[in-house]
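Participant: Sequence:
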Amino acid sequence: MDNHDDSDAASFADEYSPTDGYFNRRDHPQDLYVESPPTSASDKKATEAAQEAAEQSSSRGQGQILRARESQSHISERTPLLDTRHPPPTYDDAIATGSHPPAAERVPQEPISCSPLRSELFVVDGNRPPESMGGPREYEDVEPVRGYRDLRRRRDFSTLFSFKNLVKVLCFLGIVTMASWVVGVILGSDPRNTPDNENSDPFTDLPKAPKVLPPPWPESCALRSSSGSATVAYTNPDEFRLIELIDKYDQIESRVNGRINILPAPKEQQVAITADISYTVSKPFSIKQLDHVKTPTELYIQLPTLTNPYFARRWNIFSKACISITSTVYIAPETTLKNLEITSANLDLRIDPKLAMVVVNSTDIKLTSGHLSSRSNTAISSFRSRKTRIDLSSGSVSGKYSLLDLLSVKTQSGSINIDVEPKEADEDDPQPAEFSASSNSGSIRVMFPTDSTIPDREYHTTINEKDGSVSGSLIHGTSTSITSYSGSISVDILPFEADPGRTTLRTSSHSGSQAVNILTPFKDAGTPMKHLQSSHKSKSGQLSMSYPKEWEGEIKGSVSSGSVKVIGEDIDTIREGKGGYLYEKGNGESSMDFESNSGSVRIRIG
1 MDNHDDSDAA
11 SFADEYSPTD
21 GYFNRRDHPQ
31 DLYVESPPTS
41 ASDKKATEAA
51 QEAAEQSSSR
61 GQGQILRARE
71 SQSHISERTP
81 LLDTRHPPPT
91 YDDAIATGSH
101 PPAAERVPQE
111 PISCSPLRSE
121 LFVVDGNRPP
131 ESMGGPREYE
141 DVEPVRGYRD
151 LRRRRDFSTL
161 FSFKNLVKVL
171 CFLGIVTMAS
181 WVVGVILGSD
191 PRNTPDNENS
201 DPFTDLPKAP
211 KVLPPPWPES
221 CALRSSSGSA
231 TVAYTNPDEF
241 RLIELIDKYD
251 QIESRVNGRI
261 NILPAPKEQQ
271 VAITADISYT
281 VSKPFSIKQL
291 DHVKTPTELY
301 IQLPTLTNPY
311 FARRWNIFSK
321 ACISITSTVY
331 IAPETTLKNL
341 EITSANLDLR
351 IDPKLAMVVV
361 NSTDIKLTSG
371 HLSSRSNTAI
381 SSFRSRKTRI
391 DLSSGSVSGK
401 YSLLDLLSVK
411 TQSGSINIDV
421 EPKEADEDDP
431 QPAEFSASSN
441 SGSIRVMFPT
451 DSTIPDREYH
461 TTINEKDGSV
471 SGSLIHGTST
481 SITSYSGSIS
491 VDILPFEADP
501 GRTTLRTSSH
511 SGSQAVNILT
521 PFKDAGTPMK
531 HLQSSHKSKS
541 GQLSMSYPKE
551 WEGEIKGSVS
561 SGSVKVIGED
571 IDTIREGKGG
581 YLYEKGNGES
591 SMDFESNSGS
601 VRIRIG
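Using UniProt numbering, the first residue of the sequence shown is number 1, and each one after it goes up by one.
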């Protein structure tokens, strides 16, 4: 038998035996424990076998540690694992008797290390001081265990370059390439870098010869493709009609914009009228064929035939085309037409007031979405049309226009801001000068001359406004009517003659204030105004009227909740109070009626 110390074996055995103190008696109340009845020898053996199986299953991972300790302590196979002289008691005996043998002294352990060949084998140092079971063990110089984590990391690294991820990378690169191409095309085709987008003024920079002006290109349509133009001529027409009624959904969905210019012809032009038409379309579309219809007196502008690339149709890219159209009409000086008509669904219209032409009957302008402007650097307009009718849907009207027999301006949602220049009546067929302006939701500003030569004729003025304000200066002749439902009224009115006979002047508003200033008569200043019938009414707005000292007559009215104040020379107060208000001035037959429900009234004479 080998000579060795059995204490080492006993210490290894006692470390995981019931005698290490783990099963020491606890200080629990005694009534919670029930003593086991005496058992037979067979029952004890069965109990020991069950406990042995449980200990073996719970300490499978500890077997390797025990083997490492045995090899390091040079324990041979003949060395007994337990001290046979004092075998440990069974679990039942320990509980029954309450006696516990002294726990064996623990063997110090060295830090656990990992074998390079077998990662599951741990080496324990026998010189390590005792450890308590109350806290975690502190290991020094623990080498990371290689195994499942390394294998999983290698698998994740290889999965990164799998076929599925490779396809994703290729798709991403394709998208980036296409986006770069689109950005490059847009930046390379910026219309702001092209000479076609010059801010030329067709009214001041007139061409020396008929040519196509560059079409206006909106900033929202950054891509330009192809352009095309055509020129038509009319030798000596009796009338002229220019019609553009392009349907935006005719071929493909399109955004149509542009302008029609009516300009004086250069001296080199031999015919009465020439018209240039210019088209520009956005990428990737292109113009295949220009389409327009010419008759002896008419020009129809139509949508050109476009070509759409296959890839754009296949992938529905650039499905909406931007089309810009410019039509420039040059009219020779002293050209006389019976009628002039311009109708457009998508284009703006600009008329040069220096246009020296005469329209005997009427000029009709109808624009659906375009704006109308007519501006001049001179004080006199050369364009003469006996009757001019302007009807716009959503565009605004601005500029200077002549008033011969009729000037009618209507808008649905656009504003009106114009200067009106009265002209002489026709000697062969004298007619009153009628001016009318109306708008549903846009403001109206009309300026008649008040300090220059005004033709001696009969004037009729009518202004109707629904949701906007009315302002400007007007000429009062036979009749003047101004109505605004929810907007204010602020006008200067010039009576053409002091006492031409009975004339009427009316202003009315629902919820807006009024400021009406009647100026000294243009003709016969200083003569008493004895036959002016005026009326000023407002539901909830303030009324403020100022009349010249030439006015003579009666002032009467009523106010529900506001105050009334009348100021002036030679005014006699007849009645003031709940029964109404009545004032008189001079011996004239003029009358001024006022009415206000909740606004104050201020009247000044002189």
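Wrong hints could be hidden among the right ones.
Restraint-style ranges between C-beta atoms, simulated for each label pair [stated by the list, open to error]:
hint : residue 1 : residue 2 : range
1    : E427      : E589      : 32 to 38 Å
2    : Q289      : D451      : 52 to 58 Å
3    : G501      : S561      : 52 to 58 Å
Hints listed in this document are in silico derivations from the structure and should not be mistaken for laboratory results. Every residue gets a Cβ at the ideal spot worked out from N, C-alpha and C, and that includes glycine.
Participant: Return the numbers of the hints above that this structure violates; sort them in rising order.
Facilitator: 3
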